[in-house]
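Q: Please build the complete structure, drawing on both the sequences and the hints.
Residues 1 to 561 in our numbering are what the sequence shown lists, from first letter to last.
Check each hint, because a few of them may be wrong.
Unchecked claim - Subject to a maximum C-alpha distance of 27 Å in a straight line, what follows is the list of computed BS3-like cross-link-like pairs (lysine-lysine):
| # | residue 1 | residue 2 |
| --- | --- | --- |
| 1 | Lys114 | Lys535 |
| 2 | Lys114 | Lys168 |
| 3 | Lys386 | Lys177 |
| 4 | Lys168 | Lys386 |
| 5 | Lys386 | Lys535 |
| 6 | Lys313 | Lys384 |
| 7 | Lys289 | Lys114 |
| 8 | Lys168 | Lys384 |
| 9 | Lys384 | Lys177 |
| 10 | Lys189 | Lys168 |
As the list claims (entries may be wrong) - Computed beta-carbon distance windows for the label pairs:
| # | residue 1 | residue 2 | range |
| --- | --- | --- | --- |
| 11 | Phe559 | Ile340 | 28 to 34 Å |
| 12 | Glu423 | Leu536 | 27 to 33 Å |
| 13 | Arg251 | Trp344 | 28 to 34 Å |
| 14 | Glu174 | Phe559 | 37 to 43 Å |
| 15 | Ser180 | Arg391 | 17 to 23 Å |
| 16 | Leu157 | Arg251 | 36 to 42 Å |
| 17 | Leu552 | Tyr191 | 15 to 21 Å |
| 18 | Glu341 | Ile545 | 36 to 42 Å |
| 19 | Ile438 | Trp285 | 17 to 23 Å |
| 20 | Lys349 | Gln469 | 51 to 57 Å |
| 21 | Arg391 | Ala483 | 32 to 38 Å |
| 22 | Phe498 | Leu154 | 16 to 22 Å |
| 23 | Phe546 | Tyr191 | 19 to 25 Å |
FYI, nobody ran anything at the bench for these hints, they're computed from the structure.
Just so you know, these numbers come straight off a predicted model, no measurement behind them.
For every residue, glycine included, the Cβ atom is placed at its ideal position computed from N, Cα and C.
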Amino acid sequence: MEEDTKQLLISNGGDDESDYGIMNIQFSSEDLKCKRPFHVEPTNIVSVNDDTQRVTDEASAMNKRIHYYGRLTSPSDRALIAPDHVLPAPDEIYVYSPLGTAFKVDGCTESYGKNSSIVTIFMIWNTMMGTSILSIPWGIKQAGFTNGIILILLMGLLTLYCCYRVLKSRTMIETSKDTSNWEFPDVCKHYFGSFGQWSSLFFSMVSLVGAMVVYWVLMSNFLFNTGKFIYNYVNDINVTDIMSGTNGSTRVICPGIPNDPQPDNNSETLRSANNSDFELFEMWWGKSKTVPFYLIVVLLPLLNLKSPSFFAKFNVLGTVSVVYLIFLVTVKAAHLGFHIEFSWFTSNKFFVPEFRILFPQFTGVLTLAFFIHNCVITLLQNNKNKENNVRDLSIAYFLVGLTYLYVGVLIFATFPSPPLFKECIEQNFLDNFPSNDIMSFVARMFLLFQMMTVYPLLGYLARVQLLGQFFGNIYPSIFHVLALNIAIVGAGVAMAIFYPNIGGIIRYSGATCGLAFVFVYPSLIYMISLRVVGKLTWPILITHIFIIILGLANLIAQFLL
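A: Structural data, given as structure tokens:
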């Protein structure tokens, strides 16, 4: 009986590798009662004087039992969570570690683990600011300058509304079940059964694998240019003369168009280094032939780690990289000046029309650029003031759209035309700066290291979703995990060799996963929930059917243009 009266709390994750919370810097608990640390009685602490406080075997064993009970039901079932009346006072809570240590939680209040609105806003901004930002100038070029700006605004508003519908989807369910811990796939399963569960898994995997493929292509690009910069610097080689580009301190190049042949350029370029050494370097250091394979040596072993929690500590590099890119764009724009001419209906040699038929390529990119729908519920659950969720989400989308507009408009408007053509804007705008450009070299180094730390996290998420669904265990064996990782890495290597176009990969994967999570499921769930309570009207029905048609058209257009 004495043991039964001890104050116990549910484990916060413990030593089970299937704990999904390990991937989140911000845990997905709605409040303190959902993710409670294990409570260690003060009498169970062996030493209170040491910096690291050891706990008894009894407390450790009890924690394992509580953790086991918590795994007997789904995360949405709160039946086995310790009741409120056994909760200790805030100053008596200790966080249990699998290593047998306990740390006292200072200043624990009802808002423990919560974020202020400003933190929530920038967390959403940082999550959405992915690789798509590198393709925004190319997307504006494909759509036309004026049309591109309009599409950023319209797609931002449309995806924001659909994200709002995702956020509200749980609250519209008429059920006696507790939906406070449900994610959007749980909502899809509630409305569409096993089809909703497996289809949401499929489209979620499309977004994850698509992101990992884009990462592999970009990492190959950045590693190639970084190695080329180092080799050229050490050997005092200048190879930019063989590419068409501008002159001056801020050089912009057009990789797809070779420079006019000049008799002495190539000979002077290679005169400072041994020809055979240079040719050997070119043979073993190719952007699409060799470098994509070199990454396998580093990243494949990291993907097979049971827990990639170490890499989650480097998430701050994402913010640093985006801030540095904004700084780079600002400096380059100040040096280059504006080069823009409005051509509404006629083609121009150096410029593109304001409206182009290729604009669906940009909408595909923007679908992924504004995509956060599969995790928005998790991100906003930790908002200290949940009544501000819609406001904070709207502000975050506004900041994301503003960032895309700033980078896209400045790169497009300051691209030097003439002498170059606006068509020269690359799918990764950093490719328009030579490998010996110092600021671009720093940006590539930042992004390369950031992506190499994020890539194992994406692989872990793919493993959790796929192997967890099929085998009920995210690490059934090293052979299962290795087979999955080889397939994902193989896809990345293949695309880096045969189709190293990040804009194309982004728009295809964005339009595919966006069809389900952005356009179809939020609209269908909203209409079904209104129909259940008898509040579905014709204007709402027509509006949301139109949104679904837009999503289908967006996907089909990617394969036609």
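Q: Please test the hint of 17 to 23 Å on the beta carbon pair from Ile438 and Trp285.
A: holds, 20 Å
Q: Holds or violated: Lys289 with Lys114, Cα cutoff 27 Å?
A: Not satisfied, since the Cα-Cα distance of roughly 48 Å exceeds 27 Å.
Q: What's the verdict on Lys114 and Lys535, does the C-alpha distance respect the 27 Å limit or exceed it?
A: violated, 35 Å
Q: 16 to 22 Å was suggested as the range; check whether the CB atoms of Phe498 and Leu154 agree with it.
A: 34 Å Cβ-Cβ, so the 16 to 22 Å window is violated.
Q: Could you say whether the range 15 to 21 Å given as a hint is met by the Cβ separation of Leu552 and Tyr191?
A: holds, 19 Å
Q: Honestly, do Ser180 and Arg391 meet the 17 to 23 Å range at C-beta?
A: The hinted range 17 to 23 Å holds for Ser180 and Arg391, with Cβ atoms some 21 Å apart.
Q: Is Lys386 within 27 Å of Lys177, Cα to Cα?
A: holds, 21 Å
Q: Tell me if the straight-line CA distance from Lys114 to Lys168 falls inside 27 Å.
A: holds, 20 Å
Q: Check the following: the C-beta atoms of Glu174 and Phe559 are separated by a distance inside 37 to 43 Å.
A: holds, 39 Å
Q: If I claimed the Cβ atoms of Arg251 and Trp344 lie 28 to 34 Å apart, would that claim hold in this structure?
A: About 31 Å separates the Cβ atoms of Arg251 and Trp344, which means 28 to 34 Å holds.
Q: Glu423 and Leu536, beta-carbon distance inside 27 to 33 Å?
A: violated, 48 Å
Q: Assess, step by step, whether the Cα of Lys168 is no farther than 27 Å from the Cα of Lys384, and give holds or violated.
A: holds, 17 Å
Figure legend: structure checked against the earlier numbered hints; hints not met, in rising order: 1, 7, 12, 21 and 22.
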